[in-house]
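Each residue of the sequence shown is one higher than the one before, counting from 12 in the numbering used here.
None of these hints come from the bench; they were simulated from the model. These figures come from a predicted structure and were not determined experimentally. Don't take every hint at face value.
Ranges of calculated distance between the beta carbons of each label pair, as one might list FRET restraints [said to hold, decoys possible]:
#, residue 1, residue 2, range
1, Asn377, Lys485, 46 to 56 Å
2, Glu327, Asn393, 16 to 26 Å
3, Lys286, Ser410, 44 to 54 Å
4, Lys400, Asn257, 13 to 23 Å
Straight-line distance between alpha carbons at most 25 Å, and here's what the computed DMTMM-like set of lysine to aspartate or glutamate pairs gives [stated by the list, open to error]:
#, residue 1, residue 2
5, Lys85, Asp96
6, Lys552, Glu427
7, Lys485, Glu558
8, Lys245, Glu260
Don't be surprised by glycine CBs; every beta carbon is placed ideally from N, CA and C.
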Amino acid sequence: MSEKKEKEIIYLDVDEELPSIVAKIKNSTQTQIVLVVPKGALILQSLINLKLIKKNADKEKKKISFVTQDQVGKNLLIKTGYQIDNSVGVIKDKSSENREEFGAEEDVPLVTVHHFQSTNTEVADEEEIEKKVEEEKKIKEIAGSYQEFNQKKVEAIKLPRKKFNLNFKKLALIILFILLLFGIIIFGPSATVSISVIGEPFKQTEKIEIVEATSKDSLTANQVSGKILTFEAKAQEDFQTTGKKNVGEKAKATIMVYNSWSTEIQTVAKDSVFKKNDLEFILLSDISVPGATLSLTEGKISTVAGKTSATIEAKEAGDNYNVSSGRFIIESISGEKREKIYGETDKSMTGGSTQEIKIISQEDYNLAVEKLENLAKEEAKNKLVEQNKELQIFVDAISTETVDKKSSKNIGSEAEKFNLLVKVKATVIGVDANEYKNKFIELIKKQVPEDKSLNLRENDAIEIKIETQDYANKKLSTISNISTQLSPKLDLEKIKKEIVFKPESIAEDMIKSDQVEKVIIDLKPAYNPIKKLPIISSRIKVQIEYE
12 MSEKKEKEII YLDVDEELPS IVAKIKNSTQ TQIVLVVPKG ALILQSLINL KLIKKNADKE
72 KKKISFVTQD QVGKNLLIKT GYQIDNSVGV IKDKSSENRE EFGAEEDVPL VTVHHFQSTN
132 TEVADEEEIE KKVEEEKKIK EIAGSYQEFN QKKVEAIKLP RKKFNLNFKK LALIILFILL
192 LFGIIIFGPS ATVSISVIGE PFKQTEKIEI VEATSKDSLT ANQVSGKILT FEAKAQEDFQ
252 TTGKKNVGEK AKATIMVYNS WSTEIQTVAK DSVFKKNDLE FILLSDISVP GATLSLTEGK
312 ISTVAGKTSA TIEAKEAGDN YNVSSGRFII ESISGEKREK IYGETDKSMT GGSTQEIKII
372 SQEDYNLAVE KLENLAKEEA KNKLVEQNKE LQIFVDAIST ETVDKKSSKN IGSEAEKFNL
432 LVKVKATVIG VDANEYKNKF IELIKKQVPE DKSLNLREND AIEIKIETQD YANKKLSTIS
492 NISTQLSPKL DLEKIKKEIV FKPESIAEDM IKSDQVEKVI IDLKPAYNPI KKLPIISSRI
552 KVQIEYE
């Protein structure tokens with residue numbers, strides 16, 4: 012057998028590691044092995060690795076030689092005692108492209124390699140690395156043997172590895188491009204088909220009751236399931252007082268009460284009102300005024316009024332009640348009799364004084380309650396809507412009640428300001444918007460003639476009004492109405508399926524009929540090269556328009 016046949020050529024990768032190389036040497040069936048190593052290969056960077064390769068090769072009784080153009084690597088190989096083939100002629104069956112990978116031989120002087128490790132350290136490192144190599148070799152043996160490259164396999168290879176990888180990448184990119192193009196054709200295009208028909212006006216009103224029921228089976232034909240919702244909100248604020256109160260002294264005096272009306276005794280009850288200058292004074296006790304008497308003086312008869320003293324007090328405090336001397340009329344006596352029975356003092360009244368303080372008036376309290384109730388109601392309504400976004404809530408149907416009011420001071424109390432707290436409870440019944448809409452459509456469809464079709468448009472709005480609310484019985488009655496149009500009966504889903512992947516002109520002809528006035532097909536994107544409707548029916552939207 013010739014030398015050429017006895018040698019096995021093994022090509023190493025730039026990043027191939029020691030365990031892999033050792034395994035390839037061990038698995039080789041040849042005793043002479045040529046390792047072809049590219050420039051900058053990882054294995055040529057370590058003297059220890061090269062020694063370990065040699066040590067393992069010696070164990071296997073195999074002779075190793077290297078082919079490389081890496082000058083630093085050559086220096087290390089020479090130091091390790093390897094044979095270096097300066098020509099790639101030993102691998103004549105290697106393709107010219109593969110030769111280019113390693114390059115032509117260059118006459119570059121050997122580079123001196125300096126070592127900064129002690130011999131003991133190097134030996135220790137070799138032993139440690141050798142242990143690691145043995146461990147990794149065992150793992151590799153369990154996982155599977157490495158691929159063997161013998162001379163016959165090398166001769167059978169016609170294309171270098173790099174070229175194969177490049178072709179594979181190109182093929183992958185082509186396949187990816189085809190898939191992308193296919194996806195664009197399938198999922199990219201969309202179409203809107205507008206079918207114009209002569210519409211017939213259609214107005215309908217239905218009463219729908221929203222009920223919180225334990226089971227949907229218990230609902231009647233015009234009922235839909237709802238949910239009672241509540242929220243308590245509070246508002247608190249300080250308010251300035253505007254009420255005023257005079258806490259000064261009341262004027263008080265003793266006056267004389269006269270009776271020239273009758274000879275009989277006249278009684279005036281306690282709390283009777285005496286008035287002077289439109290100011291009221293209160294009689295503090297019952298009095299009896301003696302009757303009048305007649306007297307004869309110088310031949311003339313005259314009436315002498317009966318009189319008695321009485322104590323009166325001003326109705327309110329204030330220095331304005333310090334009235335001057337004069338007559339007081341008695342409110343309980345009327346007519347001519349008032350002129351004959353009266354009170355009188357010859358001195359001004361005294362003792363009245365004015366001292367005004369601020370108090371909480373009834374108006375102050377009422378205005379404060381009204382303001383806080385409005386704030387709390389607004390917050391409660393907003394929170395009901397915010398916290399139940401999954402439900403439709405009719406704001407006009409929200410019921411509110413004030414459940415608590417607390418004031419820091421009572422009405423009439425002296426205060427510059429007071430604090431008020433108001434709590435409001437809001438209640439409403441919420442409903443799923445789709446359930447409500449579907450119930451309404453279900454009811455109005457019963458009123459549609461058999462030869463007509465109800466096709467609601469996007470701008471067809473359902474108007475909802477609140478009729479009654481009975482939250483004690485968990486009910487809310489509504490009246491819903493709609494103003495739309497009926498069209499000739501067309502099966503839109505069937506139309507979509509029939510025009511799938513059809514050219515525009517053919518699709519238009521398929522849709523046109525005596526009931527259809529016009530068909531407009533809008534394809535997107537506009538630059539669609541195939542000029543056909545989408546291949547997927549869900550990408551086609553069919554809508555009815557009324558002439």
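Inset, instruction - Of all the hints given earlier, name the ones this structure violates by number, lowest first. - result: 1, 2, 4, 6, 7 and 8
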